[in-house]
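**Student:** Chain by chain, the residues:
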Amino acid sequence: MEKRTKTTKTTKTKEWIVEGRVWKVGDNVNTESITPSHWLHSGHEPMMEHIGEMLIPEFPKKAKKNDIWAAGTNLGCSSSRNAPLFLKDKGIGVVICASAARIFYRNALNSGLPVFEIGEEMKKIRMGDKLRVHVGAGKIENLTTGETIQAKPFPDFIMEILEAGGINKFIVKHKAEYKLLKQG
Amino acid sequence: MPFTAVEKILMKHSVTPVSKAVPGDILTCHIDYAGMHEGFDARKYEQFTSLGEMTGVFDPKKIGMFMGHHFCTGHSDELAEDQKKTRDWAEKLGIRVFNFGSGIAHIIIMEEGLAYPGSLCVFGDSHTPAYGAVGTISTQCGIEMGQVFLTGTLWFKVPDTHKYIITGETKKGVYPRDVIQHIVGTVGMDASVYKCIEWDGSYIHSLPVPLRFPFTLMSTELGAKCAYIEPDQITVEWLKGRVKHEYEIVKSDPGASFEKTYTFNVSKLEPLICAPSSPENTKPISEALGVHIDQVCLGTCTGGSIYDFREAAKILKGKKVKARTLIIPGTNEVLRACGHEGLLEIFVDAGCDLFPPYCGTCQTLSIGHLAPGEVQMHPGPRNWPGRTAEGSFTYLGSPATCAATAVEGKITDPRNYL
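So the protein lines, in turn, are chains A and B.
Heads up: take any position in the first sequence, counting from 1, add 3, and you land on our numbering.
Numbering follows our numbering, in which position 115 of the second sequence is assigned residue number 101; successive positions increment by one, without gaps.
One chain only, chain A, in its complex shape (with noise of 0.2 Å):
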């Protein structure tokens, strides 16, 4: 799950690039539609091959890492499920929306996966096209028309938490600071 095969990232630089093709959804999509319960229930291997078909039936079939999940607005808007971290283990590298509803939003900096928010900016971004975003500097190319768009970059301690692979993996990194959990 770590390894970010087609991901460059070094800290000096901070350069995050995720490059892949678009799979857009439209306006408020719930996780639900994402992440069924009944597939949910099931366990995470049925989860993966059947993560978005809902909404898109080719998708579990024919995504691939570090492809881009994009939306309209209100992204993720109902069930508090993590539907963020299943998109992210079925190897989306980033999402791009014109809104993301709170928890989704959350979740998904949370296990490591960057959402930009652009708004209006989304009509830029069609289904299949391909795009390189550059994640720390918040630069989305759309490599199939050749436009760029500038979505607003994280602050700092939002950043530390992505680069860490999410919350869990940041707070292990700063053990030290944890007086509750076991030291050594």
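There is no bait here: all hints are sound.
Some but not every residue of chain A turned toward chain B, in silico, with C-beta under 10 Å:
#1 Ser81
#2 Ser83
#3 Gly169
Stretch by stretch, here's where chain A covers chain B in the computed footprint (C-beta under 8 Å, at least three residues):
#4 41 to 53
#5 171 to 182
#6 372 to 383
Simulated from the structure, these hints should not be mistaken for laboratory data.
For every residue, glycine included, the Cβ atom is placed at its ideal position computed from N, Cα and C.
Chain B: place on chain A using the hints.
**Tutor:** Okay, now just chain B, sitting in the frame of chain A:
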């Protein structure tokens, strides 16, 4: 400078003292109560074990694990094992465990006074804004719960506040569940994304506390981060004997700035239903009359209070149900009240089936799963696809509409029975 209630509560809990907070500021805050329910797999437990060995938690009295909000183990060895692991882990750390059959976590947290006016709470479920009904600021916290359990703190972005002012008196046959359905249907599910919703107005303040839950809890269906109702005399009375310590009621200052204000008058509303398959798909009941319903659930977090069961019992008394009908009290307190008031007898005599306190069939994880093609109705907050079987459908309605529908086995106007 005047502040909103959410700004004041976040400021009051800030680890670093602050004299000002405006929307967009990020504050790290102390948490008064944190809880979570069981996961869909072992991940919720693994999110703690992946941190290494925890020698303790910030304060075991301020944490609860709700093992029965969603899942009974059924015949699953895996689930039973997961629950045992989680239970053993929680007990070792001194964390209270609420078992299957104890009911809906959010309601228990308010009934037991764990959330109280002015407090700041987090829980691993999207409907956590519910505790705003007692003047708490509460919001969902999931994968970050390790941070909370270890330090008792979490960072928050200070949200803008949207005020929803609800006035008027409802006509016969119209209930709070209809009113919130009307609001969601009118303004839409993205009306208040990432906002705090402050519910106000004579209608809201006329309701008993449990009938305020549908508004704060379903603030999630409006996209909100958290919700808040200014505690009044009704709140203070309801909390007597529940909160066993002093608390400070925190209110929005006069002149505080609300980003948006919505106003609704409920006087002309008719009973409503929410049709498949999105919580904003609101319709007048007249448009759905006669739709065949296989299963009715009376219960859920927005229809499982004693007030809801009283309304349902008025309709079911002396009748026989045609739809299979599940009675699922929200909590043990509600179950006890139903028994004490003779409602359980009415339900059983009407041919309903009684289940332990639980979250209901809004998401059919343990009880009342549907077959493809089947249609259910319940008073819960959601009817999205993916919450029950593929190819099944869910209508939402007030507890009274659900009861009338149970009697006829098809969507029925509750006013016919009132």
